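Undergrad: Once you have looked at the hints, place chain B on chain A.
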Amino acid sequence: MKLLRWTLAVGLIGAMGAVHAEEKADPNLARNLAATCANCHGTDGKAVAGSGAEALAGTDKAKLMQKLMDFRSGAKPATIMHQISKGYTEAQLELVAAYFAARK
Amino acid sequence: MWNRREFLKGAALAGGVVALPGLSGCAMGSKARGHVVVVGGGFGGATVAKYLRMWSQMGVDVTLVERSPQFISCPISNLVIGGDKQMADITMSYDGLRNTWGVKVLQDTVTAVDAGARKLTLASGGVLSYDRLVLSPGIEFMYDQVPGLETEAARDTVLHAWKAGAQTVALRKQLEDMKDGGVYALSIPKAPYRCPPGPYERACLVANYLQKTKPKSKVLVLDANEEITSKKGLFTKAFEKYKGILEYRPNSELREVDAASRTAVLEFDKVKADVLNVVPPQRAGDIAAKSGIKLINNRWVDIDWLSFESVNTPGVHVIGDAIFPAPTMPKSGHMANQHAKVTAAAIINLLAGEAPSSTPLVMNTCYSFVDSKNVIHVSSVHLYDAAKKTVMPVQGAGGVSAAANELEGKYALSWARNIWADMLV
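Protein sequence lines correspond, in order, to chains A and B.
Remember, this note's numbering sits 324 above the position in the first sequence when you count from 1.
Residue numbers are given in this note's numbering: position 254 of the second sequence equals residue 236, and the series is strictly consecutive.
To be clear, the hints were calculated from the coordinates, so they are not data collected in a lab.
Among these hints, one or two may not hold up.
Below are the BS3-like pairs computed for lysine-lysine, each with C-alpha atoms no more than 25 angstroms apart in a straight line [said to hold, decoys possible]:
| no. | chain 1 | residue 1 | chain 2 | residue 2 |
| --- | --- | --- | --- | --- |
| 1 | B | K392 | A | K391 |
| 2 | B | K223 | B | K196 |
| 3 | A | K428 | B | K13 |
| 4 | A | K410 | B | K370 |
| 5 | A | K410 | B | K13 |
| 6 | B | K161 | B | K254 |
| 7 | B | K161 | B | K13 |
| 8 | A | K370 | B | K161 |
Model, not experiment: these values are computed from the prediction.
Only chain A is shown next, with the shape it has when bound in the complex (with noise of 0.2 angstroms):
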């Protein structure tokens, strides 16, 4: 059990540690990549209203974040979102997460 939780936490700090990393070299990162969500999920997160797709600003970002790994996992059922959160690093989908928790 100890060593889970160490596991998990240096795993975490890794994640973490590659997010800081990639930020500092491009700090429009998160923004240029949840703009790849607007297709189908509205500018900025912002689904047009009564479209039917999920609005993502202002979600709680580990909220947000726990969804797509699951998707990406396969533990959530989709058409098509285990397909694409499998595009992108755990550490993109985190800057994505925290771009959209963060639009009001």
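TA: Just chain B now, with coordinates in the frame of chain A:
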């Protein structure tokens, strides 16, 4: 150096509480200034115009030159041809770009580009100067490869309906006027062409219409390719549902057309139709070739994938269907919208004296209707590969629907509403 602290100090000096849109995504604010002219207001051009304004916090001036007064969407236009939707459902105004984003929209055509002087000439006679030019010209049909379609009269009889608009309406009318027991033949060019799954979707939706209203009729799909070029398994299944009405013929490249008798001449066969619909082979829109920018195979524009700038003409960026595609990258409206965002980000950096992002990523989703309600998709994600200097599909990502389904029918219409808003609102 214009750092965050100075920016905030400046903002504070400018007076009290300042709203900073997109600050977390653009920590230093935008110092990009200049004038960008965008040619073509389709999925690529409209998106790049909006995102240049949005991401520069209105710092960059944008002029959009578009020949049509309104935007008409190619995606969803097959539903108009099948009778499930109306033109009003796929037609939108450029007023959002004008009023919300301050884009100067000119209804005009560009006749010449002087890339050295960074000036272009308009059909109306005016001249525009630019710091950066974005061409999003779409496709031109290579009618020289389809003997028999030289005249306007022939082209009014044998329609393409591969650019949404008057031809969409005209093809619908031809199908409505066709007698029960008539033959609708659709000729598909060799890949690459605009919208890989589009012809197969059209065949399904026309078969769906004829099955319901004129069941003795026939749909003949004459494909120049050796097999279905997109979502093969799923379209094969869909075609089985139209057995008796729809016939698919691979390796059926069009050699010639006799427009008067609506006959398609193939290598070993002649097909006489009541409605003959020919999607001709395609190349980059004329203005690309006329601008002196480098083409590959004399057809598609050769670009630098980090900025979408022409490899031989500085200051001219080209996006959408007109470019030579990266491996497995489709020519789609969705992809043009993604090109536009990479290009907007790159241009804003360049105008601020910074390098474009070194890790551009784009993704694609194409939904296709196989009847009025059921839909199939193909998706993919593509990331810049520095060693290959192109954009490569991310292995393990993307895929197709398990089967045609109604839920994705709803998602497809939701996709359309959201991407149209992402471009225009």
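Undergrad: For every hint, state whether the structure bears it out.
TA: Against the structure, the hints come out as follows:
Restraint check: the Cα-Cα separation between K392/B and K391/A comes to about 21 angstroms, which is no more than 25 angstroms; the hinted pair holds. The hinted pair formed by K223/B and K196/B meets the criterion: a straight-line CA distance of about 16 angstroms does not exceed 25 angstroms. Proximity of K428/A to K13/B is assessed by CA-CA distance (about 24 angstroms); at most 25 angstroms being required, the pair is judged to hold. Simply put, K410/A and K370/B have alpha-carbon atoms about 22 angstroms apart, close enough for the 25 angstroms limit, and the pair holds.
Between K410/A and K13/B the CA atoms are separated by roughly 35 angstroms; this puts the pair beyond 25 angstroms, and the hint is violated. For the hint linking K161/B to K254/B, the alpha-carbon distance of about 14 angstroms falls within 25 angstroms, and the restraint holds. For the suggested pair K161/B and K13/B, the alpha carbons sit about 63 angstroms apart, so the restraint of at most 25 angstroms is broken. A hinted pair counts as satisfied when its Cα atoms are at most 25 angstroms apart, and K370/A with K161/B does not qualify at roughly 47 angstroms.
The structure shown violates the earlier hints numbered 5, 7, 8.
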